[in-house]
Each structure stands twice: as C-alpha cells, then as structure tokens.
Amino acid sequence: MSLVKAMAPSSSAIQISRIMRPDDANIAGNVHGGTILKMIEEAGAIISTRHCNSQAGERCVAALARVERTDFLSPMCIGEVSHVSAEITYTSKHSVEVQVNVMSENILTGAKRLTNRATLWYVPLSLKNVDKIIEVPPIQFPSKDQEEEGKKRYEAQKFERLETKQRNGEIILPVVNPDRQTKEPYTVGFSQSSLIHLVGPSDCTLHGFVHGGVTMKLMDEVAGIVAVRHCKTNIVTASVDAINFHRKIKKGCIITISGRMTFTSNKSMEIEVFVDAEPFVEEFQQRYRAVSAFFTYVSLNKEGKPLPVPQLLLENDEEKKRFEEGKGRYLQNKAKRQAEMKALVQQ
Amino acid sequence: MSLVKAMAPSSSAIQISRIMRPDDANIAGNVHGGTILKMIEEAGAIISTRHCNSQAGERCVAALARVERTDFLSPMCIGEVSHVSAEITYTSKHSVEVQVNVMSENILTGAKRLTNRATLWYVPLSLKNVDKIIEVPPIQFPSKDQEEEGKKRYEAQKFERLETKQRNGEIILPVVNPDRQTKEPYTVGFSQSSLIHLVGPSDCTLHGFVHGGVTMKLMDEVAGIVAVRHCKTNIVTASVDAINFHRKIKKGCIITISGRMTFTSNKSMEIEVFVDAEPFVEEFQQRYRAVSAFFTYVSLNKEGKPLPVPQLLLENDEEKKRFEEGKGRYLQNKAKRQAEMKALVQQ
Amino acid sequence: MSLVKAMAPSSSAIQISRIMRPDDANIAGNVHGGTILKMIEEAGAIISTRHCNSQAGERCVAALARVERTDFLSPMCIGEVSHVSAEITYTSKHSVEVQVNVMSENILTGAKRLTNRATLWYVPLSLKNVDKIIEVPPIQFPSKDQEEEGKKRYEAQKFERLETKQRNGEIILPVVNPDRQTKEPYTVGFSQSSLIHLVGPSDCTLHGFVHGGVTMKLMDEVAGIVAVRHCKTNIVTASVDAINFHRKIKKGCIITISGRMTFTSNKSMEIEVFVDAEPFVEEFQQRYRAVSAFFTYVSLNKEGKPLPVPQLLLENDEEKKRFEEGKGRYLQNKAKRQAEMKALVQQ
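Which chain is which? The protein sequence lines are X, D and S, in order.
Numbering follows the working numbering, with no gaps: position 119 of the first sequence is 119.
Numbering follows the working numbering, with no gaps: position 123 of the second sequence is 123.
Numbering follows the working numbering, with no gaps: position 170 of the third sequence is 170.
If you're looking for bench data, these hints aren't it; they were derived computationally from the structure.
Possibly wrong hints are sitting among the right ones.
To be verified - No more than 25 Å apart at the CA atoms, straight line, and that leaves these computed lysine-lysine pairs for PhoX-like:
1) D:K248 x S:K251
2) S:K128 x S:K93
3) X:K217 x D:K93
4) D:K251 x S:K250
5) X:K302 x S:K128
6) D:K302 x X:K250
7) D:K217 x S:K251
8) D:K320 x D:K183
9) D:K336 x D:K158
10) S:K93 x S:K183
11) S:K248 x S:K128
12) X:K321 x X:K334
13) S:K112 x D:K251
14) D:K248 x D:K93
15) D:K305 x X:K251
16) X:K217 x D:K251
17) X:K250 x D:K217
Please read these numbers as outputs of a predicted model, since none were measured by experiment.
Start from the sequences and build out the full structure, keeping to the hints where you can.
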C-alpha cells in the first residue's frame, strides 16, 4: 500500500493532529503510550464508522474488535505535534481493517519521525440494536494481490480472536492490590496494581459503550504504574501485544483494571493487564472479563538510552509458568523484528 | 454571617461560576460531591494565595491544611450553574480561614438554592522554600466579637489537627481490593475498593504539590464506588467529616486511595477513605499516609427521596468496633443538626 | 527516507479532526462556540509555529495576536466529527495570517457542512526571550494580486489593533457578580456574570503563556451563561467580533472573565466579555486587562429555528450608550453580510 495514497484526502482516509500537553506525558516529558493508543483508536473509529454508513441502509457505529501488536518506535515529547493518519485497507462482510500511522513533528526544528504503526479491526453495530452486526460496504482494492494479502490478514486475526475467546471463557482470576509493605521488592506481588473507574459519558460512543481507546489508555496507565513500582526509574511503553475486545462495557459500569508483571528481559518488562466490568445498575448481571493484554515497557535514562531493569523474583510455580510464557513471546517478537529488519535492508 | 455579605465583591471575596457538565455527574445526572469539593478548594486556594501575597515580601502559595465537616444540602444537576463564593473570615499569624458558600442556579427557571457551606484552613508556603511558612497579613474584623469568635474556631481546629496528627502516626493498615467473588454481599470486604493515580502536572500547584481539591475529588470517587457496590442504587454524597492534610503529596507520586464501609444507619452509609503516597522517584522514601476521612452517602430514588440501605454485615471484632465508632459519629452529627435546626427556627 | 517525505504534511496546511463529546456541548447537544474557537486556535498555532521555524535561526513559538470577526454558520452536535483545516495566507515581516475552515461531518449520514471560517494573526516570539519578535520567513504567493490583497488585510488589522490598544489603556471597570436577588429580570445587572480560573500547565504554550484558544473558550463560557440567564432558553454562539490579544497571560496567574449584555436585537444578544489577569506571584505587578471582545448569541427552538429574545432593560445612561454602540455594530455587520450574500448570488 502506498503511503501517498493514504494521505490523499478521500472518503477512506483521515488525519488527526494535536499538540502534546503536559497532561499527556509523564514527569520526564515522554507522552504516555496510552494517549497515543487513544488517538489511534479515535481515528480508526471515525474512518470505519464513516465507511460503514456510506451506503443507504441501517445506521451503525463501528466498535473496536481487535488491535494488532503495536510497537512504539520512539517516544513523543510535550510540545511536539502528533499526526495520526488512518486508512481502510481491508473489508470483509462484517469487519473493517484500518491501518494507522503516527508521526511526531517537532515544530521548532521541523524534525519528523514515525513513532507508531497500528492495525485495528472494527465491527459495525446497528445504532438501534447494538447486538446486530451490519454488513460492510466493500472497498475497491488497487490490485488482486492486495485483496489476497488483506484476506490472509483477516483470516489470521479471526483465528486468533476465536482462540482467545475460548481462553477468556475461563473463570476470572482477580488480581488484587497487595499489602505492599509485607512484600519483597522485585516480586510480582510487590508491583501488582489495580484501579477502578466509573464509566462516564465522555468515555462512551453514541451507543453508550466505552470507546476501545479509553479502555486502552486506562490499561496503559495501570501497566505503567506496575513498571515504575518495579524499577523506580523513568519508563515508557515499548509495545502492546494484540488486544481482543470480546465484550462491550456499558456507560455506568464500574471497571477494574489490574496489572501484574509476568516477565523481565535484561532491558524490558512485560505486564499482563486485565479489565473487568461490573454492571451494578442492572441486576442479575455478573462481573465479567472484558479485555486482557500484554504491555511491554523499557526504562530510559536522561539521554533516552534503555537502562537495565531489575529481574523479577518468582515466588511460586504459577509465576514461573507465566515467566516462561512471557519469555516465549519475547523471543518470538525479537526474531520477528530481526526478520523484518533484514527484509528492510535487503530491499 | 449573612449570605449577601459573603457575596459582596471585595479584595477578600471571590466567586467561581461554572456550568455543570455530563462528566461532573453520575448517570442519574447528580453532580459528584467530589466535583463540588474541588471547586470549593480552588476558590479557597485562590483567595488565600491572593491575600497572603497582598503585601510586599516573599511570594507564597497557600496550601490546604484542613476542611471542616461539610454537609451537602441538596444535589446539583447537569446543566445547572454552580456559584462558589469564598471569603476570608479569620487570619492567625500562619493560617487563613476561608468560608465558602455554594449556590446552585437553574438558569432556565431562575431557581436558586444553597447546596453547601464549607470552612477551609490554609497555610502560606514560600514559593522558594516549600518548608517555610510565611506570615499572613492580618484582616480587619468588623467587630471585636467576630475576631473573638474566629479565634475560638482557630483554637478548636488547631487542637483537632494536633490530635489527628498523632493518631495518623500509627502504622498504615492497607485496605486491599478483595477477591469480591468469594465475599458475601453486604460485608465490608464485598464493597471495599481502591484506586491508584499517578500525579500529573494539572493536579498540582505552582510548588508541584497536589491541590487539596484534587485529593478530595479522588476520595469521593472511591467512596462513591464503595457505596454503589454496597447498595447498587443511585447514591449521592451527603456529608464529609473534617479532613486534615498533614503531609503534602509531590508531583510524580503514585497515590493509592482506598475506601471501606464502616457504618450503616437506616438511610445512610459511612465510608472511611485513606490516601497513601508513594514517592517512587526519590529513593529511600517510604510510602506514607497523606490523608484520611469519613464520607457519608445516601441512596436516592428517581424522585430524589432517600431509600433505605442494606445493613452492613459485620464479620469480625475490628469491624464491629469501627461500626460502633461510626454510630457514635452518626448520633453526634444528628444531635448537632437538630440543635442547629432548633436555633434556626427560634431566630 | 521517502516514507517520511510522503507523510510530511505540506508546510503550509494542517488538519485537526475530532469527535465531539458530551462535554463539548450544552444540554441541548449543541457544541459550544468556545470549543470550536479553541480547536481553530490550536490549528493556527501549529501551522504558524511550524512555518516560523522552517528556516535556520532562533527557535520561536507563534503567539495569537488577533482573530478576525467570525461567524458560526450552523451549530455542530455531539457525535459529529469536526475537521479544522488551516492554511497560511499571508506573511509580513513580523506576523503570519492563517485562514481556517471548520467542516462538520455526520459520519452516520455522510452529511458535511461548513460551520466556520476564521482568520487569525500570529506573531513569533523567541523561545529564549519572550519579548523578542522573530522575523517571519516569507511565503510564496500564487499571484501578485493575492499578495496585494493580503497586504491590504494586514494593514487593516494593524490599524485596528493599534486603535484598540489605546482604548484598552482605560482604567479597568470591574464587572462584578451582582446580587441577582435584588435585580429586575432583563436588566444588564441581572444577567451579568463572571468566573475566575487559575492558569494551569495544560492551558499554556512552551513559553508558559496561556494559549489564545484557552482564553477564548473561557470567554465563550461566561458569555453563554450571561445569554442563558437573560433568555432562559437554549442558546448558541452566532458570532464573535474581532479579538485582539494585547497582553500575554502567564502560568500561575488568576484570570477573571466577566461578561455583561450590551445589546439585543429581535433575535440576537450581544455580550461584552473582559479578561483580567492577576499575576499574584510576581511582586508589584498590577492586575491588568488582557483581552476584551463582543460575542453574539441567538436562541434556538427544538427545530433549530431562532427564537425572539427578551429585550434588554436599560437602567442608566452608560447602558444606553453601550446599547447604541452595539446597535451600530449590529447594523454594520448586517449590511456587510447582505453585501456578501449579494456578491455570492451574482457570481
């Protein structure tokens, strides 16, 4: 896909720009990964809602179903301008793939750099009946090859979503705020954290359901607190593994977002984050797990170079098992990144 | 003090007005008590900072030291305009007493009502050296009597602050988010809640310390979640007991705000809230208790009438002891309110 | 890298898009004029700061100097997407003219409409010495004619700015929140309103001065309260007269924004708004008038049709004088609009 096309003003492209404010960043001046995820999702929601309503028929709002693994290539700073551009790159009968690029621009020096690339999947839900999925108008593909590539991506994410849906069917294991005083530093229990949030009107779509971007911002907030509690230095979001949004969260719910560290490499920390929703207003409704995901953080010194991080102390077999799984994800991502680098160099 | 007088424009009076927005309120449209406490504190901070800088000398910022017990007389709604008017009513050598009235105005019907009255104590801290308390310029009292009355209030709050300071010296008893699945409804453990917040720039004064109003808003948020988890109906803040701010919280801290129900009467719930600060950036600094307070909530039906609340199930001696203490506070406040009513009627 | 080049937004254009949220709007769902003015100013600040730093030399931040008279052509609603696009249309040695278009898009129906057009003037201030104005790199004009037209606009606004600067030199007459109980409805005193705001970090530029857009948003908030108090029906911003920003407002200041009604036509209300800054932290600094402007509001029924508004009751000669001046502005703008319409029809 040519980027030039993506930038061209058309019914299938959009750009959101904004100056980064002190409230968007940590005390070292680095913009929170969650702020960026929220902007990415807003751009995706606009473009896919617009597309799904582009033909006569039932009106709908696009709801976030999945975000593919996302790397944060370089931190953004207060005062810089972020440019989030989104383009629809694939449509199936009931879903829309949106690709988003985030550029950071220093308007004082003119320096620009790519800070993120993300792929999001949306599903259009009827405005009148939120349980009804609307048909997506097909897009025109520049070539048969691009259509085939898109279809492969679609099948791959569909498979993964089904798989995690079953996994999520497990009973919810609550992650509780521990009595930190009694915990050893560098253990899982020491940095484990959770927060609760009462869903308000500005968090929600026209349907009255929480924007995926709002959820991701809160997840990054908790994960960041876990990371900083562990290493006590300046940290930034390095990547987020694929996130699947299986169950919607309604206005007025209480949501609990919990995070625990699962793995440390020499210079990175992996944190698992859970979002549980509690629909207290409707009776007979059980608390349920809405989302879960893995966030990876690195710690930076004043020059922006990665620092070594303290290793996680494992206290039981379950923590050891999770650590090994985290190591697996770490090595897999590392290999994938190296392969991509190689491919880039050979081009 | 006459309300009209308090509203009179003078160098020692100020008024903040603002339309109440959807995000200021719960889903029933009632403005959060925490939103009102935050506005009250902002008015107090402005007027006392202005007063303390009204003479030549070292520049300072007024920091909140104490809020007297505050009743919420009637709920405010989205779309109404709140008028927060503040007046300096006493000054000692190192502290300022501010009295605040909150009026709610329905600007469509013109209807107005008093929703709150609050008394706050501020201490001016040097802008250059935050540990240095500046001398407060004295105010002119309209009469000797009023000066005497103010002095009595000053001595009373000073005594109480000293007393709670010692009590706060105790070890911190952490309140953890329980595994709610395993808890019986209506127990203390079932509704117990906590949230974490990373202190950002907009939370802070020019000194880089958290505004008292920001802390109170977060406390009300947690207490409200505890209340709604217990009774699962629409709830509003009815009153807040006196709050003392003994230790400042610095920008970049993580704060944990925890709440647990301590007492239920037929139609009210008392929740104890703790604020603990974790200064993770400075090494060797211990987590410490910054503030604690009691919030009282009532549950309202659609017509705004108080509903009966489910009684708290007590599971151990500590909970029983706290319940009895809560009952004491409840009866004392009830007696005080009745005496005030009587006095008003006799006027 | 070709990717960066392709993504790079052209140096003289930018677009900001955003979904309108409940907090951006009044209770009837109409987006506040102030929200739109804030977005317009953000787009202008980005594009002019970028342009003024496009050559080697001293780094600077563009500060808003003036906004030309702006009409709000049709109200925007919650859930719609606003697209704010800005372009540099003239440069003098020390100032930049930016033209901004605001489109509103209903992503459910695909309907788009122009909601605003605005012209802003910026002045680049050195990042190191905020009192030093930097030279602006000249832009390329498509034709000699366009350069000439731009020059005329530049001269006209320069003349007006100088003139209002002198007028602003007058002593500040404070507009106080009256004791509304004692006032007759429909008088100036009855609807007169003011609010105060403590300038926080997110309100400010990299220099530590308040963004022009933040000031305009607060001005619109006060003017809207005055309008709704007067007519007690749903109101929207119809237009803003030219605003000149003569004096900067620094972080940590207290600002008082006051509004009073000056004129009513059959279906519109004109409100004068003052912004006074109080730099209490710096010694020996006096409170000063930073900005003043005229806002015009109309009242809409449920179908969005303008309603008649109650006429202003004038109580003294000063109010009568201001009313006549307002009438002059009203008639002048009406004549201008009619001439523009005629020109459009004849094209």
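Holds or violated: are the alpha carbons of K321 of chain X and K334 of chain X at most 25 Å from each other? holds, 20 Å
Self-check item: Hint consistency between K302 of chain D and K250 of chain X [alpha-carbon to alpha-carbon, up to 25 Å]
Solution: holds, 21 Å
**Message:** With the threshold set at 25 Å, check whether the alpha-carbon distance from K250 of chain X to K217 of chain D stays at or below it.
**Reply:** Satisfied, since the Cα-Cα distance of roughly 23 Å is no more than 25 Å.
inquiry  = Between the alpha carbons of K248 of chain D and K251 of chain S, is the straight-line distance 25 Å or under?
reply    = holds, 22 Å
For K217 of chain X and K93 of chain D, compute the direct alpha-carbon distance and say whether it is at most 25 Å.
Judged against 25 Å, a Cα distance of about 46 Å means the pair is violated.
Between K93 of chain S and K183 of chain S, is the straight-line Cα distance small enough, at 25 Å or below?
-> Cα-Cα ~51 Å, so violated.
- Are the Cα atoms of K336 of chain D and K158 of chain D separated by 25 Å or less? holds, 21 Å
- prompt: Regarding the pair K128 of chain S and K93 of chain S, is the alpha-carbon distance no greater than 25 Å?
  reply: With Cα atoms ~20 Å apart, K128 of chain S and K93 of chain S stay inside 25 Å; holds.
Within a Cα-Cα threshold of 25 Å, do K112 of chain S and K251 of chain D meet the stated pairing? violated, 44 Å
Is the Cα-Cα distance between K217 of chain X and K251 of chain D 25 Å or less? holds, 20 Å
Query raised in the report: Is it true that the CA of K248 of chain D sits at most 25 Å from the CA of K93 of chain D?
Result: holds, 21 Å
Holds or violated: K305 of chain D and K251 of chain X, Cα atoms, limit 25 Å. holds, 24 Å
Taken one by one, the earlier hints fail for this structure at numbers 3, 10, 13, listed in ascending order.
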